[in-house]
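Novice: Using the sequences provided together with the hints, build the complete structure.
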Amino acid sequence: MNRATRPAGTTPELSIAESAAEWLIELDDPNTERLLEFSAWLKTSPQHIEEFLLASAVWRELDGVDPTKRIAVQGLIREAAAKVRPWRRTQLRERAHRPARPWFHRTVIAISAAVALAALWALVPGPWSEPSVYATAKGEQRAFKLRDGSVVQLNTHSKVKVRFSSSNRDVMLIEGEALFSVAHDTARPFRVASGDTVIQAVGTQFDVDRRPAGTTVSVIEGIVQIASGNSAAAGSSSDPKSLIAESRVGVHAPPERTLFRLAAGEQATLSAGGHIVTRSSPELVAQVVAWRERRLEFREQSLGQIADEFNRYNSQVIRIADDAVRNKRLTGVFDADDPESLVLFLEKDPHIAVERSSDTIIIRAK
Amino acid sequence: MSPKPAPSSKSPHRFAGIAYDQFAAGLHRFLVQRLRCAETAQDIAQEAYLRLLRIENTDLVLKPQAYLYRIARNLIYEYKLRDGRDPVTFDSEILERLAETPLQLPADEVSARLCGAEELEAVLCQLPALYRAVLILRKRDGLSYSEIGKALDLSPHTVKKYLARALAQCRTARWDKSP
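Chains as they are written, first to last, in the numbering used here: chain A, 1 to 366; chain B, 1001 to 1179.
The hints are simulated quantities; they were obtained by calculation from the structure and are not laboratory data.
Please note that the accuracy of each hint is not assured.
To be verified - No farther apart than 30 Å at their CA atoms in a straight line, the calculated lysine-lysine pairs in the DSSO-like style are these:
1. B:K1150 - A:K145
2. A:K159 - B:K1063
3. A:K348 - A:K138
4. B:K1150 - A:K43
Claimed, not checked - Here are some chain B residues the structure puts well away from chain A; computed CB gaps all over 10 Å:
5. Q1042
6. A1048
7. R1070
8. Y1077
9. Y1079
10. Q1126
11. D1141
12. E1147
13. K1150
Stated by the list, open to error - Derived CB-CB ranges, DEER-like:
14. A:E293 - B:G1142: 17 to 27 Å
15. B:K1150 - A:L35: 22 to 32 Å
16. B:S1146 - A:V354: 28 to 38 Å
17. B:S1146 - A:L35: 12 to 22 Å
18. B:D1153 - A:S45: 30 to 40 Å
19. B:D1043 - A:K43: 10 to 20 Å
20. B:A1129 - A:S45: 27 to 37 Å
21. B:G1142 - A:I276: 42 to 52 Å
22. B:C1125 - A:G139: 19 to 29 Å
23. B:N1074 - A:R147: 49 to 59 Å
Computed from a predicted model, the values in this text were never measured in an experiment.
Just so it is clear, CB atoms sit at the ideal spot from N, CA and C, and this is done for glycine as well.
Specialist: Now the structure itself:
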């Protein structure tokens, strides 16, 4: 029983650990019919019992995995696909002198290979790689790592198109909101186009929120340069190649019409036509990106704005029936996925009545 | 519509069986600590084994997992008493409350879990991406095996295999990191 005396390099408990894990997963399925078999397995030896208990502990521990939902599953699937080629080769060699392991199921390999082809398509090198589009559905958030190491975190119902070349890193925010953590690369400016507004950074972190009325840029770290108007963006073409017109030309060429620079802690809102609407230093710009933790923070904001914000994330729509209620101001922090938390809060207000149906929450004055 | 409980209730617990609820605070914490102190747990496994053999087979096969957890919990309780260590981390009242509202964990388990979170994250990073994906979909997003299968274009059987491999690797990595 003393593990210390086992020869180095042998791990006889590993296979029991693996079966313990398989049993735990099997029993996690409430419809399992293999209880008799499992009882027999448990009775095989104390080690089986020990490993099963340990597997249970780790399995339970995994309940707390990634509480802030930062891990993007789609990214993992892509990563898995990208690794398929070397993995297959190793596996074929292994097969020559070992029995096939059941989890290398043929269909899995076929599917993985198909996904790998798709991934390779996205990685085709060249002066201009094909643009990649990343998007989230309503209520979904995801982070994507770009080839230069920069990370784009997409908020709910958002879409970006990314195109890198040897001299530029261009991103078009087609809709929604994204937080960019830009890898430092002075030779290749990182530019984000949102409608008529172009935000350029070298290495920094900033949030861009595109709404029908305009674009809000919040800088968390470093400095960005903002250009706007028709000279910065060639119309509303959906192709970043033409959208940021001077990208092909100069390595350091700034957008033609630099309006201003925005530093860490600053925020600016630009209208759809490229005019500055507001420029401010909110108390804490970091609050702007509270969405990453699926929190919605409001300070003295109208119930109308708050409802709009919840409606970005949920299929259950909050409607406000009268103006007096719509203009009521609230401060609070909520779970973006849980409009019910807002409703519970509002129900404490004696002047507000809440009606619910399966797909709508109606808020009116009492 | 009845009010939803706290947001964290959207955890995968809703798929778990009764046995899982019984795998409550004291036992979990003990086993996590055990990753640092191997010998006591071997004793406990030994003793649990002997007690398990004494159970009528017909009873055992009905709920083997629940039986095992109950035996282990009792043993840990006895062990702590004998050892004169600070008192009882197993508390049947807590367990009963947990069975009703499995998510209101005692504060010390919450903190123990937070401490483990970083180590766990390090372990996760070593897993192949596909294993991580199935694990996240199951444990964080609470999808069933067939839902995961649909999402990843795998059979539920393959999903189970990947999950088991991921779990085994997590467990082994946790073990190896311990002195």
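Novice: Can you give the numbers of the hints that this structure goes against, from lowest to highest?
Specialist: 2, 4, 5, 6 and 11
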